[in-house]
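S.K.: Going line by line, the protein sequences match chains U and C. So the first sequence is numbered by this note's numbering: it starts at 1358 and just counts up by one. So the second sequence is numbered by this note's numbering: it starts at 27 and just counts up by one.
Hints in this document: simulated from the structure, not taken from any laboratory. All values reported here derive from a predicted model rather than from experimental measurement. There could be a bad hint or two in this list.
What the hints assert, rightly or not - Computed, partial: chain C to chain U, Cβ under 7 angstroms:
id	residue
1	Leu-88
2	Ala-89
3	Thr-93
4	Arg-234
5	Phe-300
6	His-301
Claimed, not checked - Under the rule of at most 30 angstroms between Cα atoms (straight-line distance), these lysine-lysine pairs were calculated in the DSSO-like manner:
id	chain 1	residue 1	chain 2	residue 2
7	C	Lys-173	U	Lys-1547
8	U	Lys-1606	C	Lys-329
9	U	Lys-1607	C	Lys-173
Ideal Cβ positions, reconstructed from N, Cα and C, are used throughout, including at glycine.
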Amino acid sequence: MLYQRTLKSTACALAILGSLALGGTAQAQDAVNLRMTIWSANEAHLKLFNEIAAGFKKDHPNVSVTYESLPFETYTTALTTQIAGGNAPDMAWIFETSAYDFVKSGALYPLTDTLKAAEGYNLEEVGTGATERWTEDGKLYAYPFSTSPFAVFVNNDLIKAAGAKTPAEMIAAGEWTWDNAIETAAAVAKSGKGGLVVRDFNYQAWQYLTSVWNGWGASPWSEDGKTCTMADKPMADALTFIHDAVFTKKAIPGPGETVDFFAGNAAMTITQISRASLLPKEKAFSWDLVPLPKGSAGEYALIGQAGIGVMQSGKNAETAAEFVAYMTNPESSAKLSQFFPSARKSLLNADILKKTNPLLSQEQIEKVVISGIATGKVMPGHTGFAQIQQMVRSNLDAVWRPEADVPATLQKICGQIGPLLKR
Amino acid sequence: MAVARENAHPEGRSSSPFWTIARRDSLAGFLFIAPQLIGIIVFVLIPLGLVFWYSLHEWNVLANTFTYTGAQNYRMLMEDESLLDVLGATAIFSAGLVIFNLSLALLLAVLLNQKLAGIAIFRTLFFSPVVVSLVAWTIVWGFLLQKNGGINGMLLTFGIEGPNWLREETTAMISVIVVQVFKNVGLNMILFLAALQGVPKELYEAARIDGAPAFKQFRRITLPLISPTILLTSIITIVGSLQVFAQIAVLTQGGPGLSTTVLVYYLYQQAFQFHFFGYGSTLSILLFAIVAILTFAQWQMRKRIVFYES
């Protein structure tokens, strides 16, 4: 009797516990936690992202979004390691250089349908030039949320002190060419400060030299990405020019030399306009922002891109895609454009950009930002970019010495990367 | 009946309990080594097996494909043109590091094996880099070794224009070796110091009476008696030299060219930067084989070169 009673009460307790547990599971299934990996740890950026996540939560109370900042230098490596470890984020920022790897691999969830279905999204206003790299078979796999033009920041104080012409003066006189830019940089370098710094290049990340060699119409590989064009005349001419500027004219700081423009130590630097936030508030100098100088191939512009993609392997890919749609809709894009210029045509006007970029003048916005985004080519990228990058880097080391044979080195590079490009 | 019972329980078994002293002792022994054994199984043997398994596959992390390819990665290893350069850089780095590290450690240990006031301060001074964070140490050296960095600035005060340390092939390798030696020489120095202090003083006394000069005393007494420590430190240093990564990643990223791309860094590039996890695993197997062969060879050589007092 006692045995039966014990059995009954145990069964009853188990039933109650079971139903509680099931209820708990049901609730947990409703709550969705999304994680996005990003390469910025900037407080202002994170504050804005959190605001956007809070806005999304109003309509989707069960969805929470967290941002995981990974170091910029090793971002893609850290991201792929997370994927390899079975712990892929729901959403991830993707560099333009590794875009092809992600888009073509099938790792990303197609976004077109979700974006088109989002109310007021207006995907059509984002030009095909901006989405080309992120599209495969007519489907958009990552949204290019940042389209930031490269431009030249100028320290007018240093240039005037060296008795050289400022870029603004040269632009007014129609003389803003690479030859003249290097002449000004060399004059400042002679005075003991740095000349022109191609930021982030550091004689390693050669892809940043695109901001120079595009002026010669040079490109590391053909449009279809299958043929190496590094040994072609435009590239040989451009690299010979850069080599001469580094080792003969001393207008560009050499390998192993560190010069920071934003600390007031260089005449000019080529970088993306989002770096305006690095301009010093104390010990400020008279600065300017001008388009890239004219090369032998005429005027040109270059843009850097960053995309947001949704991981196919994530459990909540559909919800994550909805969040991406919210984060990149016209309203959120307008907020984001203070740090990450948008490729949306409705946001590419001086009035809106002036509000979000208070440091830039109307003229700078029109001549550098709007014209740059409208006409700029995107930085080079390729499937298997990391391997190609490394192979080119290790061979280009031979160029970064005074007695270098530039054309011969470029021939060697093409011999090595040729098979990788065809793969 | 009595016979049947005897047959059912052969003599000696029926009366003795299962937990004999010998069994209890071995259980206790296994329990004592269990934490270490489990650690080795979980963190060494299973991963080793997995790495071998991965090396037989092409693993595309992004596409989430894992295809069995048999010996293809091993064939790729044989045909890899860069691998010879990488193995060459690894050999130069390891040889340079071991020779420089052991000689400097022994020299410092001999110099510091004196009974002088304040000698402990010098010992602490030379040992202190061992406890400094490796990455912080390397980053600071990276600043010092720049073309316009601290070392060239110092050389300039003597009218010498220093080289571009990390951008020339020879100086880059020397720099990486020196940075690594200065970081770890203190550890070997302490081991040598302990060994030197274990050499009986009477032997030197006898040698002095026999008229042996200092160098001969060192060669005939000190070196043989500290040879077990020389073997130990050389094994530790060689194995350590084959695992160097942070210094290369921070100082040179394997350049200029491939001059400082050692095997571990190459493996990291293949697996984590180029996403060739299968080929990266094959390179790990190669590294494992090299470490195992070198350690085995050194262990075998101990009979010839190591002097055991007993």
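S.K.: State the violated hints by number, sorted upward, taking the hints as numbered earlier in the document.
M.R.: Structure breaks hints 3, 4, 8.
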